[in-house]
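Engineer: Sequence lines, in order, name chains A and B.
Following my numbering, the residues of the first sequence are numbered contiguously, the last one being 278.
Following my numbering, the residues of the second sequence are numbered contiguously, the last one being 1222.
In case anyone wonders, no lab produced these hints; they're calculated from the structure.
Possibly wrong hints are sitting among the right ones.
Computed list of lysine to aspartate or glutamate pairs in DMTMM-like fashion (alpha-carbon distance at most 25 Å, straight line) [stated by the list, open to error]:
hint	chain 1	residue 1	chain 2	residue 2
1	A	Lys188	B	Glu1156
2	A	Lys57	B	Glu1084
3	B	Lys1218	B	Asp1175
4	A	Lys246	B	Glu1139
5	A	Lys20	B	Asp1152
6	A	Lys275	B	Asp1166
7	B	Lys1162	A	Asp225
8	A	Lys239	B	Glu1163
9	A	Lys246	B	Asp1208
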Amino acid sequence: MTKPGDRAYKRSWKNLLINKRYQLRFTLFMVGIAGLLMAGLGIWIKIVADETTKVSKTSKRGEPCPKIPVIEAPYEELPPPTMKLPDAPPPIDAGSAAADARTGDRPRRPKIDVTLDAMELPKPILIVPPIPVTFKGDVVDHWTCELLNAAAIERLDAGHLRIMLVLVGSMLLLTVGLAVFGIKMTHKVAGPLFKVQLYLAKMKEGRLDKVYNLRKGDQLVEFYDHFKHAHAGIVALEKSDIDRLKAVIAAAEAAGAGEHASIAELRAMLARKEKSVE
Amino acid sequence: MSDPTAATSTPVAPAGPRPKYKRKLSNYLLDKKLQLRYVLVVTILSGIIAGALGYMIYDQRHQSTASIESDLQRLVGADAKDVESITGDYQSQDRILVYKMVAAGIGLVVILSLYLVIMTHKVAGPLFKTSIYFERMAEGKLGAVTPLRQGDMLQEFYANFKEMHDAVRARAVADAAAMHAALQALRDSRNHGDYRGETHSKLTEELDLLEEHLVQRKQQLA
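Looking at chain A on its own, in the form it has when it is part of the complex (with noise of 0.2 Å):
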């Protein structure tokens, strides 16, 4: 329920900057208090940054990946040469023998014949050395190592790219935030002010109009408390010198002096009292 003296006042944004230069001017402190924090902080969280993904990075390289072990390509290797030797001789038989005895020749030898045209070399063998039996594990494992420690470095990347981009948009959402915040801050302040300015040129026009309370939310409710009261000390002025006037006014009227110019006058000044007081 409205009490005597409110009035619904609808806050709209375009009437949020009501006193310029009060508003931007703290808002504006705010904001640079709050870059320059941010700013500061924020180079001194990239330099740090940036040494960590270099450490981080630098000791990941370094990490040492199971080698694979080292297999001997294949390799020709030639036989001995082989020598092919004629059929061997008959054997001596005992008759002919004992012939050469009586006859006093020497017994015969067998006949060796040794054709070196008929040796035949030999072809290159293809020598293919043994495969050790967990050389596929190894691969295995060397790659996988070597593929996670990529993938590791690749990852302090990009968590070096979010550390920054997190740090840029929280400074930006926060600049905003701090700026809207401020208008808003000192919007509760500036709009009592200019209820009190709308006021006062009023009074100084002679308008003693009634005076409305604040919206909700407002802040200077006690400042705006004391304007209230000067408001009603000035009206009770006015309205003494109106029932001071009226009585003058009667009492003349009632001694037939009603027409004097004196009277006319303090006439025109009751109207104008009343009519400030209205």
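Following the hints, complete the assembly by docking chain B onto the known chain A.
Structural biologist: The following block gives chain B in isolation, referenced to the frame of chain A:
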């Protein structure tokens, strides 16, 4: 804050420059609610930003130290004493970093708070001074209004207030003068025998009351 009560004893603003008012430390918090609210908001906000970013710095630094530690552990192997002697330095550096950040945070909060109290005082000061004049107006007193100090904010608002105050005062002075003139004229008419019968005494009584009223008004306007 200049003393507005001085205005009552000096109906006309004194000639020459006003004596410079000295700001007192104890008077800096004139409107505690308004000033502390603003100081608290900015200080808490700065604290949160500094804390969050500071934690990020510490976390990065700690990660770096942990990485170096693990590398050293791998290099030195089982000789844990060597690792401890080297990594101990890194850990103490991490601690020093935290102390530095905490000290910087506290310093920042103190400096910010002091600066904000001074800044908000420049708004609260004019409001305080205007409030005193408002209370004087509430009592019907319309003495002279002295200007704000140099460096105070809300100069435009205060100028509007002063214009209003001067206009109300000028009107009241003019009205009092007009009523006084009317009073004199009516008394003169009475002396010349313009008034008749029983109403004579009533008019005399009313004119006396008007005179009293004007005397009181003159005191209020002094």
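Engineer: Check the hint pairing Lys246 of chain A with Glu1139 of chain B against an upper bound of 25 Å on the C-alpha distance.
Structural biologist: holds, 23 Å
Engineer: Sort out whether Asp1166 of chain B lies within 25 Å of Lys275 of chain A, counting only the CA atoms.
Structural biologist: holds, 20 Å
Engineer: Is it true that the CA of Lys188 of chain A sits at most 25 Å from the CA of Glu1156 of chain B?
Structural biologist: holds, 18 Å
Engineer: Is Lys239 of chain A close enough to Glu1163 of chain B, meaning Cα to Cα at most 25 Å?
Structural biologist: holds, 22 Å
Engineer: Take the C-alpha atoms of Lys20 of chain A and Asp1152 of chain B, compute the straight-line distance between them, and say whether it is at most 25 Å.
Structural biologist: Since the Cα atoms of Lys20 of chain A and Asp1152 of chain B sit roughly 16 Å apart, the hinted pair holds (cutoff 25 Å).
Engineer: Below or equal to 25 Å on CA atoms is what counts here, so check Lys1218 of chain B against Asp1175 of chain B.
Structural biologist: Holds, at about 11 Å.
Engineer: Against the 25 Å threshold, does the CA-CA distance of Lys1162 of chain B and Asp225 of chain A hold or violate the hint?
Structural biologist: Holds, because 18 Å separates the two Cα atoms, which is no more than 25 Å.
Engineer: Mind checking the alpha carbons of Lys57 of chain A and Glu1084 of chain B for me, to see if they're no more than 25 Å apart?
Structural biologist: holds, 23 Å
Engineer: Between Lys246 of chain A and Asp1208 of chain B, does the CA-CA distance stay at or below 25 Å?
Structural biologist: holds, 14 Å
Hint check: no violations occur; every hint is consistent with the structure.
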